[in-house]
Structures are given as C-alpha cells and as structure tokens.
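> The primary structure of each chain is shown beneath.
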Amino acid sequence: MIQGVRNYLVFLFRCGRIAFVGDWRYYAWMGILTVLILLGINAYAKQFVHGLITTGMSDQVSWGVYISNFTFLVGVAAAAVMLVIPVYIYNNEELHDLVIFGELLAVAAILMCLAFVTVDLGRPDRFWHLIPGIGQFNFPASMLSWDVLVLNGYLLLNVHICGYLIYCRYKGEKPAKWFYIPFVFVAIFWAVSIHTVTAFLYVGLGGRPFWNSAIVGPRFLASAFTAGPALIILALQIIRRVTDYRITDKALLTLRSIVQVSMLINVFLLANEIFKEFYSGNLHVASSKYLFLGLHGHHALVPWIWTAITFNMIAMVLLILPVSRSLRWLNLTCVLAIVGIWIEKGMGLVIPGFIPTPLGEMVEYSPSLNETLICTGIWAFGLLCYTIFLRMSVPILQGRLSKANESQGPGEAPGAPAH
Amino acid sequence: MNSSNSASGAVQTGDGMNRRSFLRASAVLTTGLAALAASLKPLMELEDFPTAERFMQKYYTELTPTEMDKVLKRIADETEAQYGKRPHVRDLKPMDGVEFAYCLNLTRCIGCRKCVHACVKENNQSRNPEIQYIRVLRLPHGSMDMEKAEHHYNPEKVPEPGFFNMPVQCQQCKNPPCVKVCPVHATWTDTDGITVIDYDWCIGCRYCEAACPYWARRFNFTKPFIPKDKLNPEMAYLGNRPRRQGVMEKCHFCIQRTRDGRYPACLEVCPVGARKFGNVLDPSSEVGTILRTKRVFIQLKEELGTSPRFFYYFDV
Amino acid sequence: MNQNTKITVVVGALAVAFLSLAAGFWANAWGHQEAREEIPLVDSQFNTPDTFRQSYAELMRIKADLSDFDCYACHDKGKPPPIRYDKNHNIVVPQEHAGSIVMAHGSHDRNNLCFNCHDEQNLELLQTRDGKQLKLFESTRLCGSCHGPTYRDWDAGVHGRTGGFWDAKPNQERTRLNCVDCHNPHKPKIPGRHPAPPPHMLHPVRQVEHATTH
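In the order they appear, the protein sequences are chains A, B and C.
According to numbering that gives the first Met the number 0, the residues represented by the first sequence are 0 to 418, in order.
According to numbering that gives the first Met the number 0, the residues represented by the second sequence are 0 to 315, in order.
According to numbering that gives the first Met the number 0, the residues represented by the third sequence are 0 to 213, in order.
Just so you know, the hints here were simulated from the structure itself, not pulled from any lab data.
Treat each hint with caution, since some may be false.
[Claimed, not checked] Part of the chain B face toward chain A, derived, beta carbon under 8 Å:
| no. | residue |
| --- | --- |
| 1 | Ile74 |
| 2 | Val180 |
| 3 | Cys181 |
| 4 | Cys201 |
| 5 | Tyr206 |
| 6 | Glu208 |
[Claimed, not checked] Restraint ranges, calculated between C-beta atoms of paired labels, are given here:
| no. | chain 1 | residue 1 | chain 2 | residue 2 | range |
| --- | --- | --- | --- | --- | --- |
| 7 | C | Arg52 | A | Gly205 | 42 to 48 Å |
| 8 | C | His96 | B | Ser142 | 40 to 46 Å |
| 9 | C | His96 | B | Asn153 | 33 to 39 Å |
| 10 | B | Arg294 | C | Asp64 | 17 to 23 Å |
| 11 | A | Phe277 | B | Thr190 | 42 to 48 Å |
| 12 | C | Arg128 | B | Asn153 | 40 to 46 Å |
| 13 | B | Asp76 | A | Gly205 | 40 to 46 Å |
[Claimed, not checked] Restricting the straight-line Cα-Cα distance to at most 27 Å, the calculated cross-link-like pairs of lysine-lysine (BS3-like) are:
| no. | chain 1 | residue 1 | chain 2 | residue 2 |
| --- | --- | --- | --- | --- |
| 14 | C | Lys186 | C | Lys131 |
| 15 | B | Lys300 | A | Lys288 |
| 16 | C | Lys134 | C | Lys188 |
| 17 | B | Lys156 | C | Lys188 |
| 18 | A | Lys288 | B | Lys147 |
| 19 | A | Lys275 | B | Lys147 |
| 20 | B | Lys300 | B | Lys147 |
| 21 | A | Lys402 | A | Lys176 |
| 22 | B | Lys156 | C | Lys186 |
| 23 | C | Lys168 | B | Lys92 |
| 24 | A | Lys275 | B | Lys300 |
| 25 | C | Lys134 | C | Lys62 |
| 26 | C | Lys188 | B | Lys293 |
Positions of the beta carbon are idealized from the N, C-alpha and C atoms, including for glycine.
Pulled out of the complex, with its shape left as it was, chain A reads as follows (with noise of 0.2 Å):
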C-alpha cells in the first residue's frame, strides 16, 4: 500500500517535471501562454475589484462572450465522445490510442468551461453556496445545478480514465477491463448529457422565444460534433508535427468523415430553424432578424453571423469534395469549421436571445477590452493545460516515461522503444 502510494507520487513528480522540459518551441509556446495568462488574470483582477461594469454586458444583454465561450467549449468537451465510440463500440483499432488525446482535450476544455462559468459570476466568493450538503443546491428544479453536477462529473470522470490508463502504461501493466470500461460507457452517455443540458439552460426559458426551440438540443449536438472532432483532427496533426508520436493518415480520415457527417446534419438543422423563424414570420421573429439582417437599424451581429454561415458552407462542400482527404486541405476545412461553429454557437446563439429584451429594448453588445483579455486568457490557460497533458502523456504512450527507468532521473530515456 505505502509502496503503491510512494510509486504513485513518484509518477506526478516526474510528470510535473517533465512539464518544465523541452526544446525551445516548447518554451516559446508555453510562454507566450503564459503571458496571455497574466493579462488575463490582470483583467480579471480588475473585473473582480469593479465588478462586470468592466464588460460590455448589461441588464439588457446579461450574458456575453463569457457563456458563449463556456457554451462552446462544452461541446468541445462532449466531442471526446466521438472518438471513444468508434474505438470501444465499433473496435475501430487506428483511433485506440488517440482516445486519450481526445479525453485529454475534454479534460483541458471542462476546465476552461469552469473558469468561464467562475468570471462571469458577479460574487465568485459565494461559490460555496453551490456545493452540494453546504451550500442551497437548487437540483432538479434549475438547469444550472444540472450542469454544474454533470460538467463536474464529467471532469471526474475523464480524469480517471485518462489517468488510469496512463498510469497503467506508466507502470507497463495491461489495465483491468473493469476498473475503466464502465467509466468509459458511463462517460459516453454523459458527454452527450454534458452538451444536453447545457442546451436545456437556454431552452428551458420560455421568456426567449429565440431559444426556447426544441431544435436548439440538436444544434447543439451536431455542431459539437463538428466543432470538436476537427479540433482534434487539428491538434493530432499538431502532436504528429512536433513529436514523434505515429498517428497514421487513416486515423485523421476517420475522424473527417465524423466531422462530414455532423457538419451535414448541423446545417441541416440550422436551415430548418431559419425556415421556421421566417417563414412563419410571428412576432418572435424578432431575435432572428435582427440576428440575420439587423433590426431597426441595429446590426452588429450581420457580419459575424454572415461569416459563420459562408464558414460553414465552404467547410461543409469541402468536406463532402474528396480534396478533404489531403491533409492540408482538411486543416484549412477544419479551422473554417471551428471558427465558423464559435461564432454560430457563440455570438449567434447568447447574444441574439437577449436583442431584443422582452420588452422590447434594442440594446446591442460588443465584449470590452478587459472581457476579451479575460477570455484570451483563459483559453491560454486551456491550451497551457492541454500542451501539460500532451507533454506528459506523449513520452509515457511512448514508453520513454516509464517506471522501468525511474532511477535514471527526471528526464526521459531515450531510445526507448516506442509503444
């Protein structure tokens, strides 16, 4: 037992270790990062002292980039599903090893969702009054204790698989089935949930005709389902790039024809919502409008909505064109749906439902200097999480990490035979 314990802080010793080691991109990268860290917490120094008056948010538009960012990155979260259930459901055997690179992603993602959710609360120092047992925990009636239980669950339950089975790897033992495949069916389920309910917090709201929509729980999943696996696609070529870590083209391939179909499907949806917006053309129009084309003169959203949309449309032919299978093609393919699904999601789906107010108000948003600090900053902090977990994990799937070579120090050995 105290053996075990002394071999498991061991391992997190030489894991942190490693995360300070690497060439000089790496300390470039991490650098950078961390300089848009700073000037995130600087800025959010300052929101804490003055409070939200430092965003752009108002009683009128009450949420801003700060939800749309969380909205998004739940579904990047949720995305690790659509590696795991091509691996444990169809034995796809090219993406076995990759799933980790996904779990990790939703790991680093549900952190940044949690700090989004945090920066937008007007006294984070009354978080308590959220937990369970101490605090008053609103749970069934308000959709936000859901999602504060299924996010952190989900967070746990990611980060026991990946630990275990890389501490397994670590360690050189085959893991036990039965002490990570449940999780893994569990965390499927979950991860659809995850997005699910964060779907529910806007369609629960009977006062904004532009959310309250069945269709939006859908959007939510496909576009997730886009959004998260290009992501991937992306940052596998990244670690493909600068490690030696074998993933092969098929992989790659398999994860762009989930994103081909869920791209399909997103815009498919998105059309039947805008015929159903303006074809019936009943007064909840409104939200729709001014989204689209601007409304009594107010049109901040056009541009971005406008580029969304061409986004996702050269995306989409792309991916149904077979060019897609040229990788340089398909990153370019991938970005344009990234981007274009972070503005949909974003900026076109929290924003609109607050223009105009129910009572009829146009006031329009644009995030301040000090909010998009923020929100740079903490994706910074994601992507700083995330580079961690690859750093870590690469040299252990590898076997370069490996307790075998524990006594050679804190680096890795080289040459070891990769896995």
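Use these hints to put chains B and C onto chain A, whose structure you have.
Leaving out everything else, chains B and C in the frame of chain A:
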C-alpha cells in the same frame, strides 16, 4: 518536443550547464512571479473585502432569530459606517391570510414616470449606474406587442396622442421562472406572493435575469452609488437595504412598507391613481373589487404560464 | 545556434516580456476604469406624492389663505350673478374670474352653466341637481350626483388616489383624496405634464441612435 531529449540531457551534463540552466530557470521564475504579483495590483483597490462573518453568513431560512438579530445589527452598523445615518432594519415576515396583488389601470396611466423615481428613492436604488425597478413603456394605440415599445420617450407633455403607456415591474408570478432557475435558492416566493431575493446569498450568475419574461430583474454591475442624504433609513432585510456589487435586485412590492400595512411607494406617488394594491384574499379590498367588477384585465404574457399577481386593466 | 542558445534566447525574451508586463500592470497602462458620466439626480417633483392641485378642503386643512373663496367680497348677497354667452353659446367668463377659471367641464359644452353646481342663492355653497346644498369641502358628493359609476369606484377605493395603509386599522389609516384634489372642477381633464427623465444606459455609448420614435 522531439528534440527535448537533448534539452533535458543538457540539464544533467556538467556544472557549467547546470549553472546556466539554473540561471535561466530563476530568471523566468522571478520575472514571471514579479509579473504575476504586479498583475494582481488592481486588488489593492478592493474596498469591500468580505469579512469572515459575512463570508460565512448562513442562508436566510437557516438563520435562527438570534443570528438574524446579529445580522440585522451588522447591516445597520455597516450602513451607518458608509452613509453616516443609522437605519432601522427589520426582518419583516409575510402576514397571515394575506396574498398581495397589484392592479394597474392602463386607461389612467399617463406615462409620467413618477412611479419609477419614487421607487428609486424608497428602495435605495443606485443612482449611478442607474438601477430602476419600473420601466414605463410607450406603446402605439391598439397594440400590446412589446417589440413596438419605446422606452426612452421624452416629449414635452405626456400622455401623447396615439399612444398609451404601460409601466412594467416585477409581476410577482405565481409560477416564477426566475425562482425555478436560481441554482442556489437565493430567490423564492413567500406566502404573501412576493418573490424576494436574499442579497447575501445571490452568487450573481444572472440566470434569473435571462429567465424573466418581464425584464424585471436588475444586476449590480458595480458598486451602487446612493448620495448619503438620499438614503431611506426605514429598511427590511429582504427589501430595500443597500445592496452590494455583483448581486441581483428587483421590485419586492416595497416589503418594508407593505408587510407593515402600508401602500407601496409607486402607488402613493402615482398622480392619477392608476395603481391599486392590496390583499386579494379580502374581497372588499381595492384589488378584490377590481378583479370582481372590471371586465378585462391582462396578465402580461399570459401564454407563458407565469401567472402574474400583477394585473393590467381598463375602465371608462 | 544550438538548442541551448536558442533556449537561452527564448528565456531571455520571456524574462523581458514578463518584466514589461509587470511594469505595464503596475502602471495600469491599459483598460483602466473610466469615471462614469454624471447622472443628474432627479428633481424632487418626480418622486414626491404631491397632487396636481390643492382643493378647498386641503387649503382649509393647511390653514391657507381662503380669501379667494369669499364670494361676497365682490358679489352682492341674494342677487344671482348674471350669466352671459357668446354667439356660439359658450359661456363668457367674467374678467374677474378669467385668471382662475377656464370653463371646460363636459364635452360639447354641455355643462357650461355655473349654477349647475354652484348655488345661485348662496355662492358659498354647492348644490346638487336635486337641490341638496353642500359645503365647498363636500364637493365629492356633488360630483357623484352625476358621475355615478366613477363615484361608486371612488367609494370602493378603485378610482382615485389612496395613501397610507392598505391594511387600515385604528391608528393606521388609509388616506383618500377627493375629486377636486386632482381634477379642476371647471376643467376636469387632467392636463398633460412633462415626464420624468428617461432611463440612462449602463454603457452610454450605446445610446446614440435612440430616437424618440422608432
């Protein structure tokens, strides 16, 4: 990372290299920590750091009477320290056999906005940034479509021909969406029908603000500002005591007055008597009479099923 | 440049970046909170429950100068003042009253005879259509003798202004206003008035295009 072997290898080769990497590490670490420390500088301006007592304060319904007395005394102390006037803070409970309702006569309202400002004065609302519980709309004659509402009308004289005015404030719903969505039970409906907020429990997530179909909730985006001489010292815990930055507030039917038997401030100030308030369980009350005898009254956005206790009506 | 030198360069650059960040943070070089634009406090006429006008009863209560109501300072007792009409049959308000009285009670000039309400035998009294005499401060009953439904509503507290306590008990009373506390009996329609200032936005820059009409 590919070539990190050589880099990490460098850590272990020779004293010179060790010194070099140590210098490098300490340079990054010290400058980094300096930057981190400097980045937190804005925190030095934090005036309102929550004391341990305030940080740990229990939920409203869990406070024993003695604890509540201590809390009320603390609020009075803090308010006195800030505004130089000792307030009279009470924790007023709902009265038995009372359920409030509000009736507003749209035929009478002239849109003068006096209710808005009497409310601000009574309820210690922030003057800058401005927080107002009541929004008076100007709608074109014949339409209840909120999207046609004008909020910023400012003509020489009201009422304006061709328009009618409609003040909107918290509708004190029987089925309030804001209460449903609050993740921490910081807002709830009392037995007299008033939906209240514990300002010391709200975490400021603004979900209730997104949920309210009447745009009745207001958030303290920064520290509220009330001129010292404008403070209303007659206060209630769930009512008009001064709020802090980062919490929600809204109309509470002037709890500090109505649970004491008085009329709300917006009613008393209304120059045309368009506003009527009382106990709906008493059929002879003003609101009882209106709901019994007037033909048409409107619950705003009735189709949402919120079932407001606020009724708009018309008469000759 | 070998790997090691490159790292040193990167680390050096980072150290410089961190130091300049620290300096920037310390000097609060960007994104400082600007002072908010002043919002003038609202005039007290907009938040105090004053009435449109002061009735005779109110003037009595506050012991104001009532010499304006001393009819027989000018008129002769027992001699009903003559009523004159112009060619459109609109009443001609005598010059002595022109400053204070505008006759506009009822549409289509249906109520343009002083003695519909005033007692022609005793100008200091009012009279209902069925001949009941009322004191000046009892005018509400006079109004009620014609405006039945409104009087009924007023009686129930539904029409007109109330104040004080909804939960009326001894020592905590509901205050009621009379018709003439708000309505000018000679011109009962409530006049238009200037509204209190419109709301101010949290972020004033976004207010620019707000016209008074859409």
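> Could you run down the list of hints and mark each one as holding or not?
Here's how the hints hold up against the structure:
no.	hint	verdict
1	Ile74	17 Å, violated
2	Val180	5 Å, holds
3	Cys181	6 Å, holds
4	Cys201	7 Å, holds
5	Tyr206	5 Å, holds
6	Glu208	4 Å, holds
7	C:Arg52 to A:Gly205: 42 to 48 Å	45 Å, holds
8	C:His96 to B:Ser142: 40 to 46 Å	43 Å, holds
9	C:His96 to B:Asn153: 33 to 39 Å	36 Å, holds
10	B:Arg294 to C:Asp64: 17 to 23 Å	46 Å, violated
11	A:Phe277 to B:Thr190: 42 to 48 Å	46 Å, holds
12	C:Arg128 to B:Asn153: 40 to 46 Å	44 Å, holds
13	B:Asp76 to A:Gly205: 40 to 46 Å	42 Å, holds
14	C:Lys186 to C:Lys131	23 Å, holds
15	B:Lys300 to A:Lys288	21 Å, holds
16	C:Lys134 to C:Lys188	23 Å, holds
17	B:Lys156 to C:Lys188	14 Å, holds
18	A:Lys288 to B:Lys147	15 Å, holds
19	A:Lys275 to B:Lys147	22 Å, holds
20	B:Lys300 to B:Lys147	15 Å, holds
21	A:Lys402 to A:Lys176	21 Å, holds
22	B:Lys156 to C:Lys186	18 Å, holds
23	C:Lys168 to B:Lys92	19 Å, holds
24	A:Lys275 to B:Lys300	22 Å, holds
25	C:Lys134 to C:Lys62	17 Å, holds
26	C:Lys188 to B:Lys293	22 Å, holds
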